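Asker: Produce the complete structure using the sequences and hints provided.
Protein chains in written order, with this note's numbering: chain A, 61 to 611; chain B, 2 to 167; chain C, 1053 to 1170.
These aren't lab readings, by the way, just hints derived from the structure by calculation.
Mixed in with the good hints there might be a few duds.
Unchecked claim - For each label pair, taking beta carbons as the anchor points, the in silico distance ranges come out as:
id : chain 1 : residue 1 : chain 2 : residue 2 : range
1  : A       : G335      : B       : S62       : 21 to 31 Å
2  : A       : M257      : C       : E1143     : 52 to 62 Å
3  : C       : H1138     : B       : D25       : 34 to 44 Å
4  : A       : A320      : C       : K1082     : 18 to 28 Å
5  : A       : R69       : B       : G32       : 43 to 53 Å
6  : C       : G1117     : B       : G134      : 53 to 63 Å
7  : C       : Q1100     : A       : D332      : 47 to 57 Å
8  : B       : K12       : A       : E279      : 44 to 54 Å
9  : A       : D332      : B       : R146      : 32 to 42 Å
10 : C       : Q1100     : A       : L581      : 54 to 64 Å
11 : B       : R165      : A       : R363      : 20 to 30 Å
12 : C       : H1153     : A       : Y607      : 23 to 33 Å
13 : A       : N519      : B       : E66       : 27 to 37 Å
Please read these numbers as outputs of a predicted model, since none were measured by experiment.
Using N, Cα and C, we set each Cβ at its ideal position, and we do this for glycine too.
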Amino acid sequence: MYRYDTLDREILADRSAEFREQVGRRLAGDLTEDQFKPLRLMNGLYLQLHAYMLRVAIPYGSLNSTQLRKLAWLSKTYDKGYGHFTTRQNLQLHWIKLADTPDILDHLASVDMHAIQTSGNCIRNVTADPYAGATAEEIDDPRIWAEAMRQWSTLHPEFSFLPRKFKIAITAAPKDRTAAKVHDIGLAVKRARDGAMGFEVMVGGGMGRTPYVGSTIREFLPANRLFSYLEAILRVYNRHGRRDNIYKARIKILVAALGAEEFARQVEAEWDKVGTDADLPDLEIARIRGAFAGGAFETLPPRSEAFEAAKASQLAFARFVRNNVKPHKKPGYAIVEISLKGIGETPGDATAEQMDVVADLAERFGQDDIRVTHEQNLVLPHIRLDDLPAVHAALAAVGLGTPNIGLVSDIIACPGLDYCALANARAISVAQHIAERFADADRAENVGELKVKISGCINACGHHHVGHIGILGVDKKGEEYYQLTLGGSGAEDAAVGQALGPALPYERVAEAVDTLVEVYLRERKDGERFLDTFRRTGVAPFKEAVYADVH
Amino acid sequence: MPTYIKRADGKLAVAEDAFTAVADDQDIAPGDVIVSLTRFEAEGDRLLAEGRQVGVRVESSEDVEALAYDLPRIAVVALAFPKFRDGRAYTSAALLRERYGYKGEVRAVGDVLREQAGFMVRTGFDAFEPADGATVEDLERAIHRYRHVYQRSADRRAPAFAEREV
Amino acid sequence: MKALTANRLVDGEVVFWDGGRWVERFADAKLYDDAAEAEAAEAHGKNQPKAVVDAYLIDLVESEGLWAPLSYRERIRALGPTNLNHGKQTEGGAAIAALKHAHGAARSTGRVDLIRRK
Ligand code: SF4
Chain A
61 MYRYDTLDRE
71 ILADRSAEFR
81 EQVGRRLAGD
91 LTEDQFKPLR
101 LMNGLYLQLH
111 AYMLRVAIPY
121 GSLNSTQLRK
131 LAWLSKTYDK
141 GYGHFTTRQN
151 LQLHWIKLAD
161 TPDILDHLAS
171 VDMHAIQTSG
181 NCIRNVTADP
191 YAGATAEEID
201 DPRIWAEAMR
211 QWSTLHPEFS
221 FLPRKFKIAI
231 TAAPKDRTAA
241 KVHDIGLAVK
251 RARDGAMGFE
261 VMVGGGMGRT
271 PYVGSTIREF
281 LPANRLFSYL
291 EAILRVYNRH
301 GRRDNIYKAR
311 IKILVAALGA
321 EEFARQVEAE
331 WDKVGTDADL
341 PDLEIARIRG
351 AFAGGAFETL
361 PPRSEAFEAA
371 KASQLAFARF
381 VRNNVKPHKK
391 PGYAIVEISL
401 KGIGETPGDA
411 TAEQMDVVAD
421 LAERFGQDDI
431 RVTHEQNLVL
441 PHIRLDDLPA
451 VHAALAAVGL
461 GTPNIGLVSD
471 IIACPGLDYC
481 ALANARAISV
491 AQHIAERFAD
501 ADRAENVGEL
511 KVKISGCINA
521 CGHHHVGHIG
531 ILGVDKKGEE
541 YYQLTLGGSG
551 AEDAAVGQAL
561 GPALPYERVA
571 EAVDTLVEVY
581 LRERKDGERF
591 LDTFRRTGVA
601 PFKEAVYADV
611 H
Chain B
2 MPTYIKRADG
12 KLAVAEDAFT
22 AVADDQDIAP
32 GDVIVSLTRF
42 EAEGDRLLAE
52 GRQVGVRVES
62 SEDVEALAYD
72 LPRIAVVALA
82 FPKFRDGRAY
92 TSAALLRERY
102 GYKGEVRAVG
112 DVLREQAGFM
122 VRTGFDAFEP
132 ADGATVEDLE
142 RAIHRYRHVY
152 QRSADRRAPA
162 FAEREV
Chain C
1053 MKALTANRLV
1063 DGEVVFWDGG
1073 RWVERFADAK
1083 LYDDAAEAEA
1093 AEAHGKNQPK
1103 AVVDAYLIDL
1113 VESEGLWAPL
1123 SYRERIRALG
1133 PTNLNHGKQT
1143 EGGAAIAALK
1153 HAHGAARSTG
1163 RVDLIRRK
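Answerer: Laid out in structure tokens, this is it:
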């Protein structure tokens, strides 16, 4: 893993000192709220319904045990003993006091963490594949590039006041676990026929009020030209993105207005002028690459007797393995996903105790490596098969053994009206009701892969547009209503969901999801996922079933 | 004479402003003036022929490329921040310095706040008309806030990766 | 009927105006029958930038013989989140129960303006 050096640390310390001064000026009355708000937002500090919320950056969703323990400790000391992992692979603390924030940032800095650019119209935390360095599918380790982008984008002098926020995702595997196609920039690592490494560059994806799947503007960008190309894209956007209407300010609107071809032409013209000066020297890339190299893998047989025995004798373990354990590039190892979607729990929440347990497991069994997924779960990327039964038992003991990764109860939900000042409706309790309906693990497994994603408002933090079933909270005359969409996907087969019909009241949503699942089970053909069936049948049978009793 | 804050030899100081900013609907003042891009395009040659120094105010929606051929004759380019959130002028400044090698004054005008000073200096601004009453000390503090930077920019400061090589 | 609410600057806590100071319990809030009086209180609230952020009036509705915020959002502010029992609702008692049960009443009134506020 990448370790911060003195330079990285001094930048964090300076940022922390700057924010301490700004908070001091606000509390002393030298800054008005109007003046202070943009300053606190640049450090991920929001004022929500019940308290301040601090969004801590987890760069490319990668943590070590010291860092996770610190987050646990912060949540106990300054919050109510839990944290909320988000679709941006970040952690939100929902009950923070303004006066405590300078100290919190110092504590974060002490473990090489921060809240820089977790809000504001700047380049946000880069999303990367949570299986990076562990999956055999990847062409390169995307964390190398994500870390280089983290540095490049931090306090960027030219691109810190963009028309709107800017999100980059990078994946190096054919199976996209980053939602790259619905990011402002999605990068997919590719290899050219001659073996040279590079990126497919997709631009203009996004969610919110007008969702788009990104367009490829360059099939192959040589890897060593990444930063000049990013500069060209950001420059074209900074100059020409709309600033008159926040709903039209994201790059997706510019790309759609110009057309992807014309946008690409402008980027290429700018890129020609930028030249190679803006690229990162190979030496620096090599330095960062070195930090991610290796991993302390033992040479193990591909088959573990202890693992096989546990699987054969324990039903719960076998189920956990079926759903939460993924193949590793090294024989004898596995990738373990930890579901933060316990039935009836708040999606993405982890208590301090749970965080401590995960940190301990990572340290003891998992090369001190922890990841956060954009689906609001955690990952232990390098677990020996031999150790899996012990890891599972330890997880299950603190309520982290839910075997539902990718299943209908593994729901993405934003904080919604329970916490968020922008919300129209609740998202968490809708997720809880749906999960409870599918509490029967056999039934959930029988349904198979089904991604339900819920947002409390059109800002789409819950990625509802790309849910196989998407659920959007709307406000109908002061009441909570929910607009359902079907057929979205945030993966490599990205698509924006299609509206099912008129919005449903709160009480009817979980039941409607149940009905949709029943229609799928009735209609599905061999091996089809919900999404495949929907794509084959279209919306009609689903619509008919859900609205049947309305007439 | 009104004053502004000017950076020379790496230091900020309060300086007297020899230039009068002339709005499009005003008559040209005597002496050195800053006029809009539109007005410069129409009247620049004449104003320069009168032997005075001329500066041009470029709005955030305007392209500095329009000045490319005139830059050697222009003493000041004043880049406007209609709101501090409008970051287009950072790109304009970077282009003036890096792409066109402009050596004259690049002045930040409009909603200029101390919090932005570090970014401004990095992209090539060397003169400021603060809107928040920031003093030379306030701006110096903001400019020297960070001991290191991560990116190359117009200020030619060595980025972290270059520092690491040494 | 109206009440004045805000978030306290130093910690973000939801607070209500009791006529003389900011209090944490909705049950202690001053209730305004008179529109002019309510607006005067709001103006006063907006004038305390070192104490609170964004003071505004909320509409109330009757519930179990007590008053409760009309909009769902405001009831969540007065109670705490609905997913976990760790906000103001932990206090319990009749005043909290009235807020919780105000549910039905507010849903039928169809007022939206408060939800739009930030
Ligand atoms: S989608 Fe809306 S309600 Fe949910 S977290 Fe984002 S802004 Fe808040």
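Asker: Under the constraints set out in the numbered hints, which ones does this structure not fulfil?
Answerer: The structure conflicts with hints 3, 4, 11, although it agrees with all the remaining ones.
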